[in-house]
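Got chain A; can you put chains B, C and D on it based on the hints?
Residue numbers (our numbering), protein chains in the order written: chain A, 1 to 312; chain B, 313 to 554; chain C, 555 to 962; chain D, 963 to 1250.
Read the hints as simulated data drawn from the structure, not as lab findings.
Honestly, I wouldn't trust all of these hints.
Stated by the list, open to error - Subject to a maximum C-alpha distance of 20 Å in a straight line, what follows is the list of computed EDC-like cross-link-like pairs (lysine to aspartate or glutamate):
| # | chain 1 | residue 1 | chain 2 | residue 2 |
| --- | --- | --- | --- | --- |
| 1 | C | Lys957 | C | Asp733 |
| 2 | C | Lys629 | C | Asp913 |
| 3 | C | Lys790 | D | Asp964 |
| 4 | C | Lys699 | C | Asp922 |
| 5 | C | Lys790 | D | Asp1097 |
| 6 | C | Lys663 | A | Glu186 |
| 7 | C | Lys739 | C | Asp698 |
| 8 | C | Lys840 | C | Glu816 |
| 9 | C | Lys636 | C | Asp662 |
| 10 | C | Lys962 | C | Asp736 |
| 11 | C | Lys718 | C | Asp662 |
| 12 | C | Lys592 | C | Glu889 |
| 13 | C | Lys759 | D | Asp1221 |
| 14 | C | Lys790 | D | Asp1221 |
| 15 | C | Lys890 | C | Asp913 |
Claimed, not checked - Far from chain A, by Cβ distances over 12 Å, these chain B residues were calculated:
| # | residue |
| --- | --- |
| 16 | Thr389 |
| 17 | Arg390 |
| 18 | Ile530 |
Using N, Cα and C, we set each Cβ at its ideal position, and we do this for glycine too.
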Amino acid sequence: MSRLSARDWRNLVLVAMALGVTACLPWTAGAYMLSIGVTIAMYTVLATSWSLFSGPTHYISLATAAFFGVGTYVTGIGIQYLPYWTLLPIAGIIGAVMAALVGLATLRLSGVYFVIFTLGLAEFVRQIITWGQNISGTKGIYVLTSIGETHIYWQLLGLAALVWLLGWLIGRSRLGFALRIIGDDEAVARHSGIDTARAKILLFMVPGAVAAITGAILAPRYVYIEPSLAFSPMLSFQVVIMALLGGTGRLWGPLVGVIPFTFLWEAISVSFPNQTTLLLGVCFLVIVYLLPKGFVGLIDAAKKRMGAEGYA
Amino acid sequence: MSALLSLRGVTKRFGGLVAVNAMDFDVAEHQVLGLIGPNGSGKSTTLNLISGAFPVSSGSISLRGQPITQLPAQDITRRGIARTFQLVRLLPSMTVLDNVKAGAVFGHRRRWGREAETIAEAMLEKTGLSGRGHMMVGQLTYIDTKRVELARVLAGEPRVVLLDEWLAGLNPTELQEGIRLIRSLRDDGRTIILVEHVMDAIRSLCDRCVVMAAGTKIAEGTPTEVLSDATVIRAYLGDDDA
Amino acid sequence: MHQREEKIMKRRTFTRLATLALAAGLTTGPTLAQEVLKVGAVAPKTGPLAGGAAVSYWPNVKLWISDVNARGGLKVGGKTYKLEAVEYDDQTNPGETIKAVQRLVDQDKAQIVLPPYSTGLNLAAAPIYARYGLPMITSTATTDKAQALSAQFPNVFITLGGAKPVVQGVVETMVKLRDRGDIGKKIAMVNVADAFGIELMNEAKPAFKQAGFELVYETSYPLGTQDLSPVMKAAKAAAPDAFIAWSYPPDTFALTEQAMIENLQVGAFFTAVATAFPAYSGRFGKSVDGVLGIGGVNADGAAFKAYAKRHEEVTGAKPDYWASVMVYSSFQVLEKAIEAVGSFDNAAIIKHIKANSFDTVIGPIKFDANNNNPAFWTVGQWQGGVFKGVASTGRDGAVDVLKKGAWK
Amino acid sequence: MDVIITGLLLGGTYALIAMGLNLQYGMARIMNLANGEMLVAGGFVAFWLWTGSQISPLLTAFIVAPIAFLMNWLIYMVFLRPLVKRARSRGQLEVDSILTTFGLSFVAVGLMLALFGGDYFSYSYLSTPLNILGDTYGANRVAAFLAAVVICGLLWLWLSRSRTGMTIRAISVAPDSARLVGIDVRRTAALAFALGGAVTATGGTLISTFLTLDASTGVIFTLKALVIVIMGGVGDVRGTIVAALLLGLLETFVARLIDPGLTLAAAYLLFVVILLFRPQGLFGRPTT
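Bound-form chain A, shown alone (with noise of 0.2 Å):
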């Protein structure tokens, strides 16, 4: 880990204030901000968790809602048995699990393969879950708590720190290294020596784990679990338009992706009720046309024309 220079420090404590001020949301805005503060935490984290991997290895997951289906019934059924912190790591352990299998098995599959693989991938689950909900008799799973909207949002909020820190700690690793290589070039990768499969996998597994996370901390707040709520493909879909949106080329990307999103998708929805999907599909249109690089690469352009000198 090559030592912190003046600037890492500097972009940690401006960091840690933005987080301090974002954490007192619950105080200073109405539940109707909190709300949307929830929303707007949770597709932060699972946009930047998702572009930590698809950012270098350009690979298009559609995975995020079998991971966090499953995090919601890991909560679900827990709940009855075990302390409720316990199952935070618990779902984040079978996230990983199951990301490192699926990417055992696709990633030496070209692209668009593994995109429809991990659309699969949710179906495929949902229809194991409910098979399995049928066999033991289970039905929807209650998930009675007193957890709140705050202490959901601060938790998404921690969580959203760690995936910051990690993907700034995996930038600065030899993964990270290994990734921009293999995101440039994988054959020049694999032949300086690097196992492409098997960072592939252990990069993956980041997003696994987070978005099986955040299923577990957002279970509480849907009180009732049923898997087609809990697997609807709509996640993964809006997860990938958010970070896009963005831009993946930085750690900042995807939330400068979100918050737009998510605002613009209430605007919509206050504003037109009947046609609210008619108007989402235009706006998806309008990203995908406009803005090819997100955000991000309108930023850097901008910063191009500008000539400005130093570092972003």
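Relative to chain A, chains B, C and D alone:
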């Protein structure tokens, strides 16, 4: 002296086509071996078999007596065989220094942090790129990109260096500079396998040569021996004026 | 039969095109002198549950508001308020439901927030309603945990009951048919492998064994199965006297058609959700006669007939014979409670709802200690083109159940 | 024995669902996630014409096909051609088309919702028993199967015999070299995409005779079509047909003899196994 690298009956089939047919040869420590032959004779394919880019159909390759035939490319590189590519392949999103560091961090001698930095800078010196570590690879001239690739290979301190037509495409002055560079590697005692068409490089650099035609070995020996051998000339220049 | 269907079809599509055009120019005319009261409603307009909500939920929101306004408005503490709906689509996503309810209360300052649609979305929103002390009279949530829920969320009321009473209703009907000699004791029972289907199946198996029935065939099938002929062929092979399916809309339609194709001769044919939908009789016409389904209503009662006529006039669509009328009645309870208390003091309204009985379209509704409405229709039967209630937990107006004849 | 026939009938339904996507993805390289919505739209038209003025869905199919062809051709020209122009690599085109067509599926659901409302629509047509080899089957399913055989047969013949068919196959195998021999790749891709859309919409019209649909059910069909196309081998008409029949037989076999609860799980398991051991699908060529 025992062979550092030896090929026994190495064959490669692409469906019906036999690209390499039962190749046998050895490379001794500190030896510079030239692998020559007309286009399509299987030179590059043999190099790809040694470096693990293609899986071997049959036969065996061993390094210091240990078989490396079925190993994936990354393990072969880690065991100490590093290669350049026929068409230069660099990492576009990174600086020259980082490109070279890639070899230092993941190659035969795995370094990290300060150590990797020093080795990378040393290799930049060695290949004549000193002071250009911070430049982006997109800004380099053609020969400089070749230097970066060579520096990356050397940064891993490999046992055997595979140069796949490294001198191809250089103008006369760059060619002399290139040959001088490879000779300096030779003088350092590095073991090199050279796939080349540039004959005066072969003559001045190689201790031994293996000549291939249509996937098989047709001659082996010192450069002067093989280049005066009738079958080699016929293979290169075709039958009519032999 | 089809001409009327066609007229409605044309009118409904026309009204939709009009609203689509209208949506562009949003601002309505200047509000009347009367004060306007915002009523919030959030339920699926897209996503897997949109189909059910479009039949049972949204039309009743529109109908209830137009009925109250037609009557002059909501009389609260000496003032009358004209109601205006604020609708949100939660796309069958609990996260969206929670955000929408928060938005209704915080941003839109809606005084009245109607309960969402379906068990999952209601329970996801329950904590928000509880925090604001809003009365939540659910009409499309079924649960057997009313006791645990009312302990956690004292403001939640369940009008649609749970799995146990529905199963009891079906068992009673089957026993009546068997004792009359219309059916033997062999039953074939299937269920959709979703929380709803599983819950009912687990209640039904022991209940039927206890009532002396023999389960000759039982299975479950995943939600979204495209071909149910294997299930129906296997059921027919077991030569049952009665066929019971705890099914969702798509499979209710598929199983019925498959039974007609296989010409399944049974004395009783029961399918669950959507049997009471107008689309069901629209599709199968006369051969729907004698089919049993969940829900039902006192179809011959004057209240229901008037309600159905208004429903068709205002919304352009016919109501279904189970959930529609429950949704409307739950709105009536809320309306009457607010007017009785004479203010928007939610705590008082909730106390009032707990203590009193309310006269609604389906008859009197009185909640028990667990905020559960004990009296509701459990089983209905298509008789003469109308889906009449045949079994209930304390509802009057039940008609006698008939033996299922051959498929016409 | 009846398990086999039921399986084949289901296979015919699946062929109708997946064939259009195979044309669109295999030939025109557009991974179309709005495929399900096009199918449901075909179903809507059939419902409207049947309940409205008694026009039989089999007849409606002939009306829907040309309209869908034109609509899909426009969709390709307006929404997808800029992507093809902009895409530097095949991978990038696939990712862009996944995201764009996902947006399009949202727009399609929104439009159908606005025009037809959100509730279920189903009607009974030819739901009379048909006796084949001693067992009864739905006449509408048999009709859909026969239509599937006709459509897939015509398509296969047309692709392998006619000139335009050959150009379409050419761009699916190697778009770059196709350009060298004078094929206007973009125009042919538009043709393939529009044809795929027409086949899907017609498929929708036919299967709406026995399936209950509503505005939001498209995603189920898209997923099923994706599984079949990938299993059969992208760009290979025979592959899609065989994979559809295989899936139909497997699901029916599992439903009748093991446990109906496992049908969809078995389908995905088959998909995973094929993807692992033959990523290019049953008939596909190994893509480098």
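Hint by hint, here is what the structure shows:
1. C:Lys957 x C:Asp733: holds (12 Å)
2. C:Lys629 x C:Asp913: holds (17 Å)
3. C:Lys790 x D:Asp964: holds (14 Å)
4. C:Lys699 x C:Asp922: holds (14 Å)
5. C:Lys790 x D:Asp1097: Since the Cα atoms of Lys790 of chain C and Asp1097 of chain D sit roughly 12 Å apart, the hinted pair holds (cutoff 20 Å).
6. C:Lys663 x A:Glu186: Outside the cut-off at roughly 56 Å; violated.
7. C:Lys739 x C:Asp698: violated (28 Å)
8. C:Lys840 x C:Glu816: Judged against 20 Å, a Cα distance of about 17 Å means the pair holds.
9. C:Lys636 x C:Asp662: holds (16 Å)
10. C:Lys962 x C:Asp736: Cα-Cα ~19 Å, so holds.
11. C:Lys718 x C:Asp662: violated (39 Å)
12. C:Lys592 x C:Glu889: holds (14 Å)
13. C:Lys759 x D:Asp1221: Holds, at roughly 18 Å.
14. C:Lys790 x D:Asp1221: Holds, at roughly 17 Å.
15. C:Lys890 x C:Asp913: Measuring from Cα to Cα gives roughly 9 Å; hence the hint holds.
16. Thr389: Answer for Thr389 of chain B: violated, closest chain A Cβ roughly 4 Å.
17. Arg390: violated (5 Å)
18. Ile530: holds (29 Å)
Hints 6, 7, 11, 16 and 17 from the list above are not met by this structure, while the remaining hints are.
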